[in-house]
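K.L.:
Kindly generate the complete structure, drawing on both the sequences and the hints.
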Amino acid sequence: MILVYVDHDRGVLDELSLQALAAARGIDADVQAVLIGVDAVALAPRLGEFGVATAHVGVHDGLTDYAPMAAGRAVSQLAERLQPTAVLAAGSPRGNEVLAHAAAIMDEPFAADCTSITLGDGVSEVTRYRWAGNVFEEARVHAPMLYATTALHVFAADPQSGSAPAAIVEFAPDLTPADLAVRVLERTGGGGGGVSLAEAKVVVSGGRGVGEAGFGPLEELAELLGGTVGCSRVVTSAGWRPHAEQVGQTGTKVAPDLYIAIGISGATQHIAGCKNAKTMIAINSDPDATIMSFADYAVIGDAATVMPAIVEAVRAAKG
Amino acid sequence: MNVAVCIKRVPLSPGRWSLTPDATAIDTSGSAMGWTLSPHEECATEAAVQLIEADGGEVTAFSLGTADSTEQIRELMAVGVSRGVLLETGADEWDPQATAAALASAIRDDATTYDMVIVGTESADTSGYQVGVRIAHALGWPIVTNVKGLSVTGGVARCERVVGTDREVYEVSLPAVIAVKDGVNIPRYPSVPGRIKARKKPIDTVAPTATPARLEKIRLALPPQETGTATVLGTGPEAAPRVVEVLKEIGVLT
Ligand SMILES: Cc1cc2nc3c(=O)[nH]c(=O)nc-3n(C[C@H](O)[C@H](O)[C@H](O)COP(=O)(O)OP(=O)(O)OC[C@H]3O[C@@H](n4cnc5c(N)ncnc54)[C@H](O)[C@@H]3O)c2cc1C
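For the protein sequence lines, the chains are X and L, in the order given. Using the numbering used here, count along the first sequence one by one with no gaps and you end on 319. Using the numbering used here, count along the second sequence one by one with no gaps and you end on 254.
Hints in this document: simulated from the structure, not taken from any laboratory. Since this is a predicted model, take the numbers as computed values, not measurements. Beta carbons: idealized from backbone N, C-alpha and C, even for Gly. A couple of the hints might just be wrong.
[What the hints assert, rightly or not] Derived, one-sided and incomplete: chain L residues facing chain X with beta-carbon distance under 8 Å:
| # | residue |
| --- | --- |
| 1 | 12 |
| 2 | 13 |
| 3 | 39 |
| 4 | 130 |
| 5 | 143 |
| 6 | 186 |
| 7 | 218 |
| 8 | 220 |
| 9 | 239 |
| 10 | 241 |
| 11 | 244 |
| 12 | 246 |
| 13 | 247 |
P.N.:
Here it is, written out as structure tokens:
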């Protein structure tokens, strides 16, 4: 049996966790899920569609919002009791964090961002990302139970219509005040309205070639296409745009239907964050820029004149 | 307030990646290659230096790695780190469990008592997402990871992290471990007097205890290189109508 940590945000299912469920089903038909917090009770039955027969929900008075140390403790306690062959999660910031806690508590190894997993008796073999996916590592994990996360957008969620809803089994984790001390106290900013970069279907991304004053048309195009604005590290380092918009190895990893890279050269660290886009359009004054070998389509030209023309054409097409 | 930062010497990431002939490491022999610090850890150090500038105290940089790691410790001394502790290893890579255990005991056994340990959420090269978390459990301290905003008042660290379009706020009492992300601040450049002072600052060397790797690297591999070429839709603003056609074809414009 494989136990998968399925994340949620105040009762909203984390879609990335479905990728970890798909990876688990590729290894073992017996997949159970663990979710943390009473908010998860309502969403857990839906996991039946993703191959989960039983969903364990950790319920505790102190667990009112995301609390990573407590979640790691709860997952490790459940794993100790159920003795799965592996504990998996999505390689998202939260998935990696919760599994790192669980593995640290059990003093077991943890392999983050795996692209393949072969379980063995006491020794498992994994391939995992280093350098945010620019380099692969083949590794052996020496442990009776494997703690690992799956690299994002490598495994596709595979819903099976007509499957029975997952059975809910609540459990009460044994948590200390210290475990519960690390938890979300409040939330600021955004709070609805804006499209989140990680989940956007269209990302209009600008680099050095856009210039500090050139982001206006990018914002307009993002709005027209129901997407959001991204950027390169040069842009955030210069303070032109907030770091939350940075795409890449040290920024956000995106997998939109369309990624438009404007005035971005295509450095490996940038590509690490956008290579899973379904379609990429590059807009660059240099026809030989590296980005051209990743893009599906290109427009050669100055962003300052090309972008306003595209905004106008899209506006006209929308009528 | 005394702050320990944990930092790692990593190869400069190249435009084109290549591996050593035995495929166990990044080839750093090329002329454009060199070594640097991971950006998360530059930010970790900047955060620590800002805290002691406000509150007094000292920043110590701990690094587990080969003797060459003193180069990176010196770089950080030029921007405000007072002392370095090198946990000297041979050329073989240590796994995250052994690394964290060694760092935690060096921090615990140090003559200075620390109020905070600041690390990067993950290292640039091995991208393991766990050394900070393991240090926190070894010390019995709380940890907040993925931190993009940090302030300390009255012995409490207020941390912000980004989720979608929101910012989450966490507060933990010191002592605590904080794992930052690149972007939590903009690291300063070293000044010339800073560099001169750095040469005289002390670096202690300790010999950490090795344990067999339980996350054992066998070999590295490179993903298939992208060799595609983009279909050029046109040059200049005249290409706009073709862009609209493509947007319709792929269904993002209806
Ligand atoms: C460890 C590490 C982590 C990193 N993490 C990230 C990361 O997460 N994200 C990231 O983006 N980078 C990251 N970087 C930085 C990365 O290496 C590059 O420096 C960066 O991506 C380059 O940004 P850019 O493409 O905007 O700028 P440049 O490389 O300077 O490219 C600018 C491009 O704009 C084009 N251009 C110029 N003028 C115009 C014009 N008028 N119209 C149209 N095009 C024009 C140029 O032809 C060029 O292709 C990281 C680096 C390191 C070492």
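K.L.:
Are the hints correct? Go through all of them and say.
P.N.:
For each hint, the structure was consulted:
1. 12: It is violated, given that the least Cβ distance between residue 12 of chain L and chain X is near 11 Å, above 8 Å.
2. 13: Since the shortest Cβ distance to chain X is 6 Å, the answer is holds.
3. 39: 5 Å, holds
4. 130: 4 Å, holds
5. 143: 7 Å, holds
6. 186: Constraint on residue 186 of chain L satisfied, holds at 7 Å.
7. 218: Given a least distance of 5 Å, the restraint on residue 218 of chain L holds.
8. 220: 6 Å, holds
9. 239: 4 Å, holds
10. 241: 6 Å, holds
11. 244: 5 Å, holds
12. 246: 6 Å, holds
13. 247: 7 Å, holds
Of the numbered hints stated above, the single one contradicted by the structure is hint 1.
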